[in-house]
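There are 2 protein chains.
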Amino acid sequence: MSETNAAEVISVGTELLLGEILNTNAQFLAQELAQLGIPHYYQTVVGDNVLRLQKAVAIGCERSRCLIFTGGLGPTPDDLTTAALADFFQTPLIEHPEILADIEAKFARRGRIMSPSNRKQALLPQGAEILPNPTGSAPGMIWQPRPGLTILTFPGVPSEMQVMWRETAVPYLRQQGWGQGVIYSRTLRFWGIGESNLAEKVVTQLRSTNPTVAPYAGKGEVRLRISAQAPTEAEAIALIEPMQQEIVSLTGTDYYGMDHDSLASVVGTLLKQARQTVAVAESCTGGGLGAYLTHVSGSSAYFRGGVISYDNQVKVDLLGVREIDLAEQGAVSDPVSQQMAAGVRERLKADWGLSITGIAGPDGGTDTKPVGLVYLGIAAPNGQVESFCYQFGARDREFIRWLSLCTVLDLLRRKLLAAND
Amino acid sequence: MSETNAAEVISVGTELLLGEILNTNAQFLAQELAQLGIPHYYQTVVGDNVLRLQKAVAIGCERSRCLIFTGGLGPTPDDLTTAALADFFQTPLIEHPEILADIEAKFARRGRIMSPSNRKQALLPQGAEILPNPTGSAPGMIWQPRPGLTILTFPGVPSEMQVMWRETAVPYLRQQGWGQGVIYSRTLRFWGIGESNLAEKVVTQLRSTNPTVAPYAGKGEVRLRISAQAPTEAEAIALIEPMQQEIVSLTGTDYYGMDHDSLASVVGTLLKQARQTVAVAESCTGGGLGAYLTHVSGSSAYFRGGVISYDNQVKVDLLGVREIDLAEQGAVSDPVSQQMAAGVRERLKADWGLSITGIAGPDGGTDTKPVGLVYLGIAAPNGQVESFCYQFGARDREFIRWLSLCTVLDLLRRKLLAAND
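These protein sequence lines map, in sequence, to chains A and B. Just add 62 to wherever you are in the first sequence, counting from 1, and you've got the working numbering. Just add 62 to wherever you are in the second sequence, counting from 1, and you've got the working numbering.
Worth flagging that the hints you see were computed from the coordinates, not collected in a lab. Treat the hints with care, as some may be off.
To be verified - Among chain A residues calculated to face chain B with C-beta under 7 Å, some are:
(1) S258
(2) A261
(3) V369
(4) Y372
All C-beta atoms, glycine included, are put in the ideal place defined by N, C-alpha and C.
So that you can see chain A by itself, here it is in the shape it has in the complex (with noise of 0.2 Å):
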């Protein structure tokens, strides 16, 4: 019944199911587990009770080889993980001299007592192996219950887990044969282009199957990831990489990076090449386009800067937009971005300046300017100024003014990228 060599995590905690803690956990472990190239379908969370541990057990043996649990093995009466796989096997429960001695040891460094409650940590099924903890006190284990099942335990604290992941159970799973080859993932990004538009241009592409190519959508921008399934890491590079050619040819200046790029270094990779700077002037996003700009270790080399001209005033003063136009215009419109735009570049010395106003909602917009509604200045080197105008719809705010800053990133990203043709 089990699929081969499939390893499936289950979290065990109340406050999971309570919605108090992200389970990072599971995401750390399937990271780890592509990484080492162990397939794994499954991941269930189930709270601290007994019964339902034993179920999702009774369930996850049926279906994998290999389970993983992330918490439970705490010194208080709700953590009963050990407690319950061993009954569910029909094993005794074994004191280890050895784990008390070493959880005695840990609490005298903090010269603190061991209190009783810690003594069940020192309990593992008949024939389990200890899986160590260097930095916290309960330890987990590594269990062979049946032939072919195996169950490691890790408790639920992240840095505790990950220590122990790494340093016992990766080098014991690689040992007993599992993870022979690697699974790995390039992530292509696009900006300007819809998921469903981008892939009916690489229709072909989304049909291969190792790499394997798949579409994500989110925060405005569309992904593909590229997966490669190998025996090393640089036989799946070899897999991925004319992919990944093929797809950047296909879909040309509407993909802007890879993996951790984002606009925003992007376009300061750019700014650097052509050793120009950037400087701008923010209404709506209230300083955060200069954030995500800053948000780059470095950026001090093509960023001079920018002003927030949330109250029209400042657009005045501090921009030089013309009130007549603000009067008649209204501040969210063609004549006061492309203001915007040429002031601030003027103003803080840089080669190109960029602008944002718009309505980011929820209150304040009108029939003829409602929220979503968003114009964008972009103002060149050679002094040339433009502006587009943008209907980003009734959405949050907070994705309208992300929608705002990162489609005027990518109007500057265009431009440079024609520049150097």
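Given the structure of chain A, go ahead and fit chain B onto it with the hints provided.
Chain B in isolation, oriented as in the chain A frame:
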């Protein structure tokens, strides 16, 4: 077999099994189910694979009476949640012209043409109702494929899912008699006090059983969550409020707000009450303080704007910082932070001026000015200017920036509170 009225969250997406994204949707739904008082014992994550998804459905039907799916509603071939569910329950898919028209209209508003692949998003199993998606293209569904089993589907994009959950799913579930009792929580937020110090001040309250009080720390602040279980929300609130008052009086001005309050929104409320305005001068935060203040809708009532003086020349030209102080003391110094605060207050005609100048790293630190050193300036309505030096340590760049802007807002908050006394 199924536990009475339990709901189960089934998250669909290979990107989750590869660890590419964190399952924030499961946390959101867990919190919401807890608030509604709907029991929730299991969560499952499964990839974009019809057979495994159907196996997860089979297991879910056995143990839960409401299955809540996120993910797999997009237009691409690996989006298969709807089709897999229809197939599992042997129900034909029906095309809904009203969904198609809605998707077409949404594309048109963005000046784009719907692609043929979006057509599949208009298919729902016979008998299923549309769960409208106001902000994205793919709707979800509400379906009772057999008596006593409810299925809800949502797209994986968190912002879309959350709107759909709140606007349609919650009223539907309430109307169907789900969630008889409630668990109601309030989160109290603190700035300027550590978790252990706070815990010592409220040691008695932490022992309470209904409501419970639990401390959490993260993003530089400490929170206390007060949770009460009761037949109705009103009764739960009646349990919470005396506890809240007790804690607030024990903790004084370190308590700054509750639930969705932020330092930015609390400062905004105090400024509005005082009929005062603020302007910001930002160096290492690059606009982040302005962006945070204007995250609050209606902030134009008290936020005038700011200057992002990333380059030193901008500090001189736009804020009047003295070149000799920049040369002799450096940009990260008391006099520069004071001149930035005074300059932005004066030139933007605000009552208060705030400034931030520091070394956010990871590069740029020296022995005398290490990464994490930040000067915060504050210019008051009476013209008095102060600066404060913080050493946040060699942390992550984004965290140093975040601590900087929260700390300067907290300084202003305490000054506004003191002025009220």
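How the hints compare with the structure:
With a least beta-carbon distance of about 4 Å to chain B, the hint placing S258/A at the interface is held under the 7 Å criterion. Restraint check, A261/A versus chain B: the minimum CB separation of about 5 Å is within 7 Å; hint holds. For V369/A, the shortest C-beta to C-beta distance to chain B is roughly 6 Å, which falls under 7 Å, so the interface hint holds. For Y372/A, the shortest C-beta to C-beta distance to chain B is roughly 4 Å, which falls under 7 Å, so the interface hint holds.
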